[in-house]
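Sequences listed follow chains A and B, in order. Residue numbering for the first sequence is 0 to 261, as defined by numbering that gives the first Met the number 0. Residue numbering for the second sequence is 0 to 314, as defined by numbering that gives the first Met the number 0.
Derived by calculation from the structure, the hints in this document are not laboratory data. For glycine and all other residues, C-beta sits at the position ideal for the given N, C-alpha and C. Treat the hints with care, since some could be wrong.
[As the list claims (entries may be wrong)] Here are a few chain B residues that face chain A, going by a calculated C-beta distance under 7 angstroms: (1) Val96; (2) Pro103; (3) Glu138; (4) Gly162; (5) Asp165; (6) Glu177; (7) Ala189; (8) Trp239; (9) Leu240; (10) Pro241; (11) Ser249; (12) Thr254; (13) Ala294.
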Amino acid sequence: MKVLVTVKEVAEPDDDFAIEGTDIAASDLEYDLNEWDDYAVEAAVQLSEAGVADEVVAVTVGPERAEETIRMALAKGADRAVRVWDDAFEAGFSDVAAKVTTFEAVVEAEEPDLVLGGVQAADTGFGATGVALAERIGFEHAAVVNDLEIDDDAGVAHVHRELEGGVEELTDVDLPAVLTVQTGLNEPRYASLRGIRQAQRKEIDAKDLADLGLSAADVESALAITSMYEPESESDAEIIEGDAGESASRLAEVLREKGVSA
Amino acid sequence: MSDVLVVSEHRRGELREVSREAITAGRELADARGGDLHVAVIGGDVDAFADDLNRSGVDAVHTVANGEEFDHNVYQTAVSALLDETDAGIVVIPNSVNGLDYAPAVAEEHDLPLVTDAIGFEYEDGLTVTREMYGSKVETTVDVDGDRFVLTVRGGEWAPAEGVGDAPVESAEVDLPESGARVTGFEEVAGGDVDISEADVLVSVGRGIEEEENLAVVEELADALGATLSASRPIVDNGWLPKNRQVGQSGKVVTPDVYIAVGISGAVQHVAGMKGSDTIVAINTDPNAPIFDIADYGIVGDLFDVVPELVDEFA
């Protein structure tokens, strides 16, 4: 079977950051592979190593800078990658439907049997693209998967969905399907030096909207971010000052007052 | 199209609290739009749930008796049928694991804008949603184009709807397609030898510990204080501590006398599991970490410097 893994390069703010307009200043952001997607890549590569997947294709919607991130997916074992970008995406915040339209076009070209992606992106935290994509392309789906076993002959994915409060739901999902992957599903590998070298030779197919038969109007967003601000701290914490020894000594006093002792 | 449809949530025979919170959010939207508030109860003991959800401000309750537990096909199909049947153009769904298993499909099916994980909103000429970004470090306002949309609301942000309502309860018939996803059971995963929810004092460790072998640092502190060791999600994801030690939304909810968060930033999913603690102490290098917002006492510093000193204080 063929597995498509959706990955995103996410921005993480430094401890100290400034807000410029409706986003964090670019100089205060670091970019990395989305943590949830790292688990999705690992799941796909494990399916490949187990002989279940014949090909693993990573796909991202991101600017040229994102090649570094998608190359990480290649270094970890994805066979090739597709990167979609277009000036239209620079216009503002893409909503779920815009991303789904883009991925739909990639799915039509690639015809995967299984699509894996992270539960959510660490920066925007919508947690919706995978399930919406499944609806659009007519695949089955399961959200927040933390255990996965594929029975290729039966055409079924046996999954656990991680519910709140330490309860997991056991579900059988017919293939083809979109599964959104929760952290903890597996142990994402570090890319080996050999993997990184091999990734340099793997293909990253850069496409714009026209290449996918789409236009800017197809990815117009119904959402706009109109402001960004640091939430007012509701903290009434007593911050204990001093060096490590002094602050530990004061904290020990507080803890004893609260009745803590061995 | 000015009506609002709120979809309730239940699990294993119990309504979830967020259902009544979603009713409050839905009522606000219905007031802003001058429309009616419909509440959907799908699956399980629909009559008992309908009774519980018939609160002040609810104009109609719709029950769809189908199956005991959540099934995203049933929910999507039922919501679609109710959107056709009623005048609702706005759907409010709890932002839960199950909510996110069908809300995006509903939005996609009906070509409606979707905003997830709302923590607040205003409705004047249109909807402006407040939500967090960058792991709770910032809040944003998001404007929605159009007067029909799907909104998922975070638990704990709206007061649960109170009062006794007298809305009519109507049973809706829904034709279900054959489902390609079948729930076969449930598993409790947080059991085992330790019940962290019973502990009076918890020393809880997070990502700041960096390496598995550094866990000894916090284990010593727990020993010195006669405390139980717990953890935030990344520690359990890494397999450094078992699942029954995890505090948070997907782990245990704890309310000890004293909760000491060591190297935990305080993501919303974690805070949901420990904010009811009597006294919260946070040790973290990042002064902007959200954990300090709910802490009673904080030390901005390196846990590897502070914790050994604290152990010495109790030696």
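- Mind checking the CB of Glu177 (chain B) against every CB in chain A and telling me if the closest is under 7 angstroms? violated, 10 angstroms
- With 7 angstroms as the cut and Cβ atoms as the points, is Ala294 (chain B) at the interface with chain A? This hint holds: Ala294 (chain B) lies near chain A, its Cβ roughly 4 angstroms from the closest one there, short of 7 angstroms.
- Query: Given Trp239 (chain B) as an interface hint, is the shortest Cβ-Cβ distance to chain A below 7 angstroms?
  - Reply: violated, 11 angstroms
- Are Pro103 (chain B) and chain A close enough, Cβ to Cβ, to be under 7 angstroms, as the hint says? holds, 4 angstroms
- chain A contact restraint for Gly162 (chain B) - C-beta distance below 7 angstroms: violated, 27 angstroms
- Message: Would the hint on Asp165 (chain B) be counted as holding, given a Cβ-Cβ threshold of 7 angstroms to chain A?
- Response: Violated: closest Cβ of chain A sits about 32 angstroms from Asp165 (chain B), beyond 7 angstroms.
- Evaluation of the interface hint that places Leu240 (chain B) against chain A, nearest CB under 7 angstroms: Because about 12 angstroms separates Leu240 (chain B) from the closest Cβ in chain A, which is outside the 7 angstroms limit, the hint is violated.
- Identify whether the interface hint at Val96 (chain B) stands, where standing means a beta carbon of chain A within less than 7 angstroms of its own. holds, 5 angstroms
- Item | Per-residue hint verdict: Pro241 (chain B), partner chain A, C-beta under 7 angstroms | violated, 11 angstroms
- Cut-off 7 angstroms, beta-carbon criterion: hint that Thr254 (chain B) touches chain A: violated, 14 angstroms
- Message: Quick check on Ser249 (chain B) please, does its C-beta sit within 7 angstroms of some C-beta on chain A?
- Response: holds, 5 angstroms
- Item | Hinted contact Glu138 (chain B) with chain A - closest CB pair below 7 angstroms | Given a least distance of 5 angstroms, the restraint on Glu138 (chain B) holds.
In this structure, the hints that do not hold are numbers 4, 5, 6, 8, 9, 10 and 12, in rising order.
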